[in-house]
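From the two separate chains plus the hints, produce the assembled complex.
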Amino acid sequence: NAGVTQTPKFRVLKTGQSMTLLCAQDMNHEYMYWYRQDPGMGLRLIHYSVGEGTTAKGEVPDGYNVSRLKKQNFLLGLESAAPSQTSVYFCASRRRLAGSLGSSYEQYFGPGTRLTVT
Amino acid sequence: GQQLNQSPQSMFIQEGEDVSMNCTSSSIFNTWLWYKQEPGEGPVLLIALYKAGELTSNGRLTAQFGITRKDSFLNISASIPSDVGIYFCAGPTSGTYKYIFGTGTRLKVLA
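Sequences listed follow chains A and B, in order.
Quick note on this note's numbering: the first sequence kicks off at 1 and runs consecutively.
Quick note on this note's numbering: the second sequence kicks off at 119 and runs consecutively.
Isolated chain B, as found in the complex (with noise of 0.2 Å):
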């Protein structure tokens, strides 16, 4: 099925650093949402974007709904230990109940 593209799929990084990961669609989207999902656990929602433009922040963690309404931008700040896990970006197809999701980034920090 349709899906976003997140980038990078992975990434590895040291305590302390910060982190970008990006999501880019085909078409636009009117909100976008960021959700982070644990080993064994259920994606957790983040933030959420709802215009073009719109910076939201969410303690460590920044997202930007980018101009285009393609794309989105999640940034995590001075990265801990428990940011591990995989971040998936998510949007509502427009005219519809349902959703698309990204492939995820999957993120693991070394302390």
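Chain A with its partners taken away, still in its complex shape (with noise of 0.2 Å):
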């Protein structure tokens, strides 16, 4: 059981490349995120999916798309790299609320891509 998992690790790009970057989770967690975190600034989201087939926009969406075509992978793309997305990457997961199980909300995180664009 390996958890959240993060491809790549590191990546540098050229300003106007595109990337995409892939999170896998083996808990079969319904829910999936997509954050980025800058120093100062904390963790803020990038987008999110409740389900296979569906996402959905978080606080910074701009400059990003994502997809859910299979419910244990969540893509992140950039289609056209700026320097102001030079951060680290980060996807978590969580299954969906059932009844009252509180465990529901545990939110649980990759290890993190850390891209830079020059």
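Note that these hints are calculated values from the structure, not bench results.
Hints are not guaranteed to be accurate.
The following label-pair restraints were derived from C-beta to C-beta distances [unchecked claim]:
#1 A/Arg96 x B/Lys169: 14 to 24 Å
#2 B/Glu156 x A/Pro61: 24 to 34 Å
#3 A/Lys14 x B/Asn148: 42 to 52 Å
#4 A/Val12 x B/Glu159: 18 to 28 Å
#5 B/Gly171 x A/Glu79: 43 to 53 Å
#6 A/Lys70 x B/Ala229: 39 to 49 Å
#7 B/Thr214 x A/Ser67: 15 to 25 Å
#8 A/Pro111 x B/Gly177: 16 to 26 Å
#9 B/Val202 x A/Asp38: 17 to 27 Å
#10 B/Thr214 x A/Leu69: 15 to 25 Å
#11 A/Phe10 x B/Ser200: 19 to 29 Å
#12 B/Ile131 x A/Pro39: 16 to 26 Å
#13 B/Gly213 x A/Pro61: 17 to 27 Å
In the BS3-like style, the derived pairs of lysine-lysine whose C-alpha atoms are separated by at most 25 Å in a straight line are [stated by the list, open to error]:
#14 B/Lys226 x B/Lys169
#15 B/Lys154 x B/Lys169
#16 B/Lys154 x B/Lys188
#17 B/Lys216 x A/Lys57
#18 A/Lys70 x A/Lys57
#19 B/Lys216 x B/Lys188
#20 B/Lys226 x B/Lys154
#21 A/Lys71 x B/Lys216
#22 A/Lys70 x B/Lys216
#23 A/Lys9 x A/Lys57
#24 B/Lys154 x A/Lys9
From the three backbone atoms N, C-alpha and C, an ideal C-beta is built for every residue, glycine too.
If you want it as structure tokens, here you go:
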């Protein structure tokens, strides 16, 4: 049981290039999230998904697109990278609330992808 | 965006000392989560709290869900060098699938 995994771990892009970050979870979680973490800014939500085939915008969605074609995978795309997208990107997942089970709110994070755009 | 306020922002302590940190919000939470993040790694869930007044331990860590439901506390007893990292509180926002995260408490332990 690997939990939440992310690939790649590091990447350097030139301005205008595109790339896709992959997040995979083996916990059968319904909800998945993409965050970015910048110094002094904390974790900010980019996009999230409440189930296979669904996506929704978070707090800072501009410049990013996502897809959730399979329940276990959540992809984050940068179509035309900009230096402002230099950040550490984290994926997270949680299971859907079932009844009054409090543990459904527990969100688990991947190890992160450090992206530099020059 | 909306954030939780954590204090202190950073702490330098001697090995063996106890540590206390807290997290406050202007709104009520039904769940509080405490995470630890080490350099170059993702946040790791330490403790989850589900009821006002609840006190939960995980080894040397103890967390409490404040009675007002607007705050939570994390204590670390007998700190060791591997406790170094940033500690975050977080909670799911009511009625949504989103989470709010604290600003973090950076802990450094001096051997």
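Here is how each hint holds up against the structure:
Distance hint for A/Arg96 and B/Lys169: a CB-CB separation of about 21 Å, consistent with the stated range 14 to 24 Å. Here the CB-CB span from B/Glu156 to A/Pro61 is close to 28 Å, well matched to the stated 24 to 34 Å. For A/Lys14 and B/Asn148, the hinted distance range of 42 to 52 Å is satisfied, since their beta carbons lie about 45 Å from each other. Restraint check, A/Val12 to B/Glu159: a C-beta distance of roughly 20 Å satisfies the suggested window 18 to 28 Å.
Separated by about 48 Å at the C-beta atoms, B/Gly171 and A/Glu79 satisfy the suggested range of 43 to 53 Å. Judged by the Cβ atoms, the range 39 to 49 Å given for A/Lys70 and B/Ala229 holds: they are separated by roughly 47 Å. A beta carbon spacing of about 21 Å between B/Thr214 and A/Ser67 agrees with the range 15 to 25 Å that was offered as a hint. The given range of 16 to 26 Å is respected by A/Pro111 and B/Gly177, whose C-beta atoms sit roughly 22 Å from each other.
For B/Val202 and A/Asp38, the Cβ-Cβ distance of about 21 Å falls inside the hinted range of 17 to 27 Å, so the restraint holds. Distance hint check for B/Thr214 and A/Leu69: the Cβ-Cβ separation is about 24 Å, which falls inside the suggested range of 15 to 25 Å. Restraint check, A/Phe10 to B/Ser200: a C-beta distance of roughly 24 Å satisfies the suggested window 19 to 29 Å. Distance hint check for B/Ile131 and A/Pro39: the Cβ-Cβ separation is about 23 Å, which falls inside the suggested range of 16 to 26 Å.
Look at B/Gly213 against A/Pro61: about 20 Å separates their beta carbons, and that is inside 17 to 27 Å. The straight-line distance between the Cα atoms of B/Lys226 and B/Lys169 is roughly 30 Å, outside the 25 Å bound, and the hint therefore fails. For the hint linking B/Lys154 to B/Lys169, the alpha-carbon distance of about 21 Å falls within 25 Å, and the restraint holds. In summary, the hint linking B/Lys154 to B/Lys188 is supported, as the alpha carbons are separated by about 21 Å, within the 25 Å threshold.
Distance hint between B/Lys216 and A/Lys57 is fulfilled; the C-alpha atoms sit about 11 Å from each other, no more than 25 Å. Taken as a hint, the A/Lys70 and A/Lys57 pair is honoured in the structure, with Cα atoms around 18 Å apart against an allowance of 25 Å. A C-alpha spacing of about 17 Å is found between B/Lys216 and B/Lys188, which places the hinted pair at or below 25 Å, so the restraint holds. A hinted pair counts as satisfied when its Cα atoms are at most 25 Å apart, and B/Lys226 with B/Lys154 qualifies at roughly 13 Å.
Proposed proximity of A/Lys71 and B/Lys216 is supported: the alpha carbons are some 18 Å apart, at most 25 Å. Among the hinted pairs, A/Lys70 with B/Lys216 is consistent with the structure: their alpha-carbon atoms are about 21 Å apart, no more than 25 Å. Note on A/Lys9 and A/Lys57: the hinted pairing holds, with a Cα-Cα distance of about 24 Å set against a maximum of 25 Å. In summary, the hint linking B/Lys154 to A/Lys9 is supported, as the alpha carbons are separated by about 19 Å, within the 25 Å threshold.
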